[in-house]
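Chains as they are written, first to last, in this note's numbering: chain E, 1 to 182; chain U, 1 to 785; chain Z, 1 to 291.
None of these hints come from the bench; they were simulated from the model. It is possible that some hints are incorrect.
Derived EDC-like pairs: lysine to aspartate or glutamate, alpha-carbon spacing no greater than 16 angstroms straight-line [to be verified]:
no., chain 1, residue 1, chain 2, residue 2
1, U, Lys773, Z, Asp260
2, U, Lys435, U, Glu722
3, E, Lys14, E, Asp27
4, E, Lys14, Z, Asp7
5, U, Lys17, E, Glu104
6, E, Lys155, U, Glu719
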Amino acid sequence: MNSKSPNLVGLARKVAMTVNGAERGGDVEPRVLLVDFLRTNLRETGTHVGCDTTSCGACTVLLDGEPVKSCTLLAVQVNGRSITTVEGLAQGGTLSPIQAGFHEEHGLQCGFCTPGMMLVGTALLKRNPHPTEDDIRWAISGNICRCTGYMNIVKSIQYAAKATAEAAAKPPVGVGAAAGGE
Amino acid sequence: MATETHHIHGRIGQSIKRIEDARFLRGKGNYLDDFVLPGMLHMAILRSPHAHARIKSIDATAASAMPGVIAVVTGDLMAQHKLAWMPTMSGDTQAVLATDKVRFQGQEVAAVIAESKYLAEDARDAILVDYDVLPAVISPEGAKAAGAPVIRDDKEGQKDNHIYRWEAGNQATTQAAFAAAHKVVRLHSFYPRCHPAPLETCGCIADVNPATGKATIYMTSQAPHAIRTVFALVTGLPEQQIRVISPDIGGGFGNKVPVYPGYVVATAASLLIGRPVKWVEDRNENLISTGFARDYYMTGDLAVDKNGKMLALRVHLDSDNGAFFSDAQPSKFKAGLFHIVTGSYDIPTAHVTADGYYTNKAPGGVAFRCSFRVTEASYLIERLVTNAALELGIDQAEFRMRNFIKPEQFPYTSATGWVYDSGDYPRAMKVALDKLGYDDLRKDVEARRKKGEVTGIGIASFTEVVGAGHGAEFDILGLRMFDSAELRVHPTGKAMLRMGVKSQGQGHETTFAQIVTEELGIPATDIAVEEGDTDTAPYGLGTYASRSTPVAGAATAMVSRKIRDKARKIASHLLEAAEEDLEWEVGKFYVKGSPDRAKTIQEIAFAAYTNLPEGMEAGLEGVHYYDPPNMTYPFGTYAVVVDIDKGTGQVKVRRMVAVDDCGVRINPMIVEGQIHGGLTEGFGIAFMELITFDSEGNCIGSNFMDYLLPTAWETPRFELGETTTPSPHHPLGAKGVGESATVGSPAAYVNAVIDALSPYGITNIDMPVGPDKVWAALRSKGVTE
Amino acid sequence: MFPAAFDYESPASLEEALGLLAKHGDAAKVMAGGQSLIPLLKLRFAQPSLLVDIGRLKGLSGVARHNGSLKIGALTRHVDIERSKDLGGAWAIFPEAAHWISDPLVRNQGTIGGSVCHADPSGDWGSIMLALDAELVVRSTKGERVIPAANFFQGPFTTALRPDEILTEIRIASSSKHAAGAYNKLERRVGDFATVAVCVQVELDGGGKVSKAGIGLTSVGPTNLKATAAEKALVGREPTDAVIAEVAKLAAAAAEPKDDVRGSAEFKKDVVRVFVQRGLKTAVARAKEVR
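Okay, chain E solo, but in the shape it has when bound (with noise of 0.2 angstroms):
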């Protein structure tokens, strides 16, 4: 049994931060996760919890850009910081490089630990433009796939880094057209 005493429950704190670009924020208990703040008060599903001895990686979001296990959190940790969940990959309708490699190339079966590997990879291209496999299998090395074996999400972060390579090495469109506008 223990020692707590009954006052402790339900001390509950302010926390703010921004999610995805948005300003969240609730009342939560010191010992709410970061995974569960997300999951329950903020009602963003696309986190997952898959064990409970930060080994599977299936919680992962980045915190200021950096990839992280979310059920390895207290949300008041986080208070004031800037996190990116799966939810937040997508800009407008169109799905990020990365979301478009795991499509184009299986990354994905059951869908589980992708969010996890999907912000991972975002994290490791911001990074490493140009990743060599091991570079890869080497960043992911934290999350835990059981459907894919692996080489389908390998191929999708590479596709991505190809596809951000080369949007990067077109030049705008319009160039000199729009230069003197707002």
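Based on the hints, put chains U and Z in the right spot on chain E.
Here is chains U and Z on its own, set in the frame of chain E:
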């Protein structure tokens, strides 16, 4: 002659991108835990810390008084409603909540229903249970021992821990063959307990509506209809008042087939409280209490003649089934389809005996992509065959080639009564060896060994048996293992396909649409595939044992053909031509000799609601329940190259070549994905996955720190090949494939290690082959860095 | 799998944090990145009544080199050590070891200070601290003191840190030019704790003899272990294969592993020997390469 064929998106053989991806890519999948119902409560289960103990008392007073707690449910309360015990899918009984004794560590003892899952767990910790600990039985050997405690003293007439004796083949002819053999090779092989461990754990939301009495149960279930029927029989709720909804499932692999006590308790709680009750297990619960896999102690003997030809196979196995015999497997087979164990080889006679035992461990055994124990059988025969080759001094590949069932022998009746539908084992072997560069690689292995390196090549040539199955032989709790497809074509030519199976990631929304595309010419993206809601889907036995394509896929083809038959009649009416004067080209009927006089399936669909021949019923739909005439037999050859670090015992897979034959491939991309996944599970099983127990029955391997799943870093980079030998009896020539790689690969990995260690006289290491075991084997022969 | 309830403070300064510890003693638990503590909270193995979150404190992270010595702020994340451009040459052992800690996600959040104070005998940093004779700078409301690594690790998850103290900085004394290390880790898969891991660090004198040697062992004792006898046997000698083999045997003898699911004690001791042997050969070669 046909008009120019225009491309129709999604015909069989096209690797079209998956139709279901969109929601998953956006984080909008609908998994069980994503659902929130108004008024929903949360359940936490209290589990036994002991493997075997009498319950003296349960005190829930403090727990019941804690914040947010609505109820505490114990075995006594369930017993009052005759729900403390439930039938299992193997004809045994299983405790829902323990009343007299606990029989495995992790067994369900009580449940807290509270306003939030955090509060439910707080209160769960406050329940006080007084136990009298009893000695634990942790293996079949312990179960058999004189003086062993009787675990199932709840069963009348149960005097020991023996569950069943099962036999296949012919003892007399096998014995005679052994007596006359030139050589007998024996292998003791333990296939350890492992776990499917899908990334999403099991759970349910039980919502018994107090006003209508209707029970809607959201459930992570691979077989929702069977669950509905079982629930009706167990709870007494009328079956039309039960709706099971399997939403998106985050991986199944057989873990989500059984009825778990949590489902029953949540349903009872919802009934008693009048609010929805959600139960989602955590990973510890999943690993310690839900359907594990394997735990088979096998002894195989292979008799060969002086030319290296196999004469006979004899196998005995002891099965550790845990505290309750709860496997979901065809009722006539106590050891599943294990007697496929003669595998790919033309062995004239065989005899298999199996004994099942109760132990103080979680119940189960049939799971984890096993095709009903084919994983165990395939592992044994492929290890035995490699060991025999090594002992006889014959190359592993050559020895297999010499003994393969030949292509001209199909359909082939095995010594244990299986009728293999089709196969070409030598061809798959050749493709694998060519891809590997086997001959050069063998020379390279010899050269490296001379330099003191420890390296080897392992081969496994498996034959699977999947597609359960023909109703007369295959049933679960009496429910025959047909499956179903219901197809409805709308006026605008789009379609909806509903099936009795349930994807957990296998891509059914794409693959089965593609079957309709092939049969009717409706583009796959115009077809919505629905599964999992028992109120709307036709009855089926679900997805496991690689049965969906063989059975429900066949049903889909058949119902599409029924619809095509009606479409022909409508086309005849529209074109004012006799039916026999019409030709079908995928997507349209046209008049023989006048190809411009045609009607597309879309035009025909519209006509089915607007312009019908006199007397014809409107609509364009049908349902087909398919009873497969036989199983299908996918097969393949896998080859693995390993290098072993002498200093640490670490094994590195240098190459892994996998050649699979699953008949016609509907969507090759999806098939390859299934194979990648299975090869990785096989890798995990071979090298790191293990659930084990200490002498007191404490479970080691009940969390992901101890139960190790391979990451992208360790997992090998697979090289796939294929051959295609269609199934002669399947409407599309397709066989199942979902489990082939998990079935066939563990032996390939381990054979490579044994091949590498064979120069030192080592003949076996049981899985998981960790560096410590390899180190110990090498050290025992004086090999060190 | 959810923590029991606790109170929570996020102090704005180190002084405020120390004040909280002085007031609450061992009813409070300090949290840096939380990657060791939160798993314990979730399993309810730890149930503090107050969590003091120092993860936001400024001025306690970063790598600095001062006259050849090294200072690492306690709140420096593993990933920042892994990526640091200031940790080459003699200090390359730091990014090398950091690379193998847990998995990439945990490295993005966990800190070297948190890991060292958690003192899991299977933790990697402890062995680096011991091999490099690190000094651990701790503060309380009463002031500052410096604890040598050899005195810091006292038992499994037990350190010399008092309940009112916070580790602020790790200091490594300056090293001679020809110095290098190597970290070898046997793990069953990425993210698993080490079955066995070995940190070696050597300094060579002008004549190619070993002037200083550090050997730290992971997962083979009630704490990370310093193989002192083996270190002493190496100092002053030329690191030939034969000498290295002898030193490796001594290090293996100093290990105190247990039989468990990862392997027998005998197996682990032999891996210590193999890793010390390999590590020393690598470290010596690297040290010789330094221009």
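TODO: For the pair we were handed, Lys14(E) and Asp27(E), check the Cα-Cα distance against 16 angstroms.
DONE: holds (5 angstroms)
TODO: With a cut-off of 16 angstroms on the C-alpha distance, tell me whether Lys155(E) and Glu719(U) pass.
DONE: With a Cα-Cα distance of about 14 angstroms, the restraint between Lys155(E) and Glu719(U) holds, given a limit of 16 angstroms.
Task: Restraint check for Lys435(U) with Glu722(U), where alpha carbons must lie at most 16 angstroms apart - done: holds (11 angstroms)
Task: Hint consistency between Lys773(U) and Asp260(Z) [alpha-carbon to alpha-carbon, up to 16 angstroms] - done: holds (12 angstroms)
Open item on the list: Hinted pair, alpha-carbon criterion (16 angstroms max): Lys14(E), Asp7(Z). Please report holds or violated.
Closed with: holds (13 angstroms)
- [ ] Take a quick look at whether Lys17(U) and Glu104(E) sit within 16 angstroms of each other, Cα to Cα.
- [x] Distance ~6 angstroms between Lys17(U) and Glu104(E) Cα, so the pair holds.
Of the hints listed earlier, there is not a single one the structure fails to meet.
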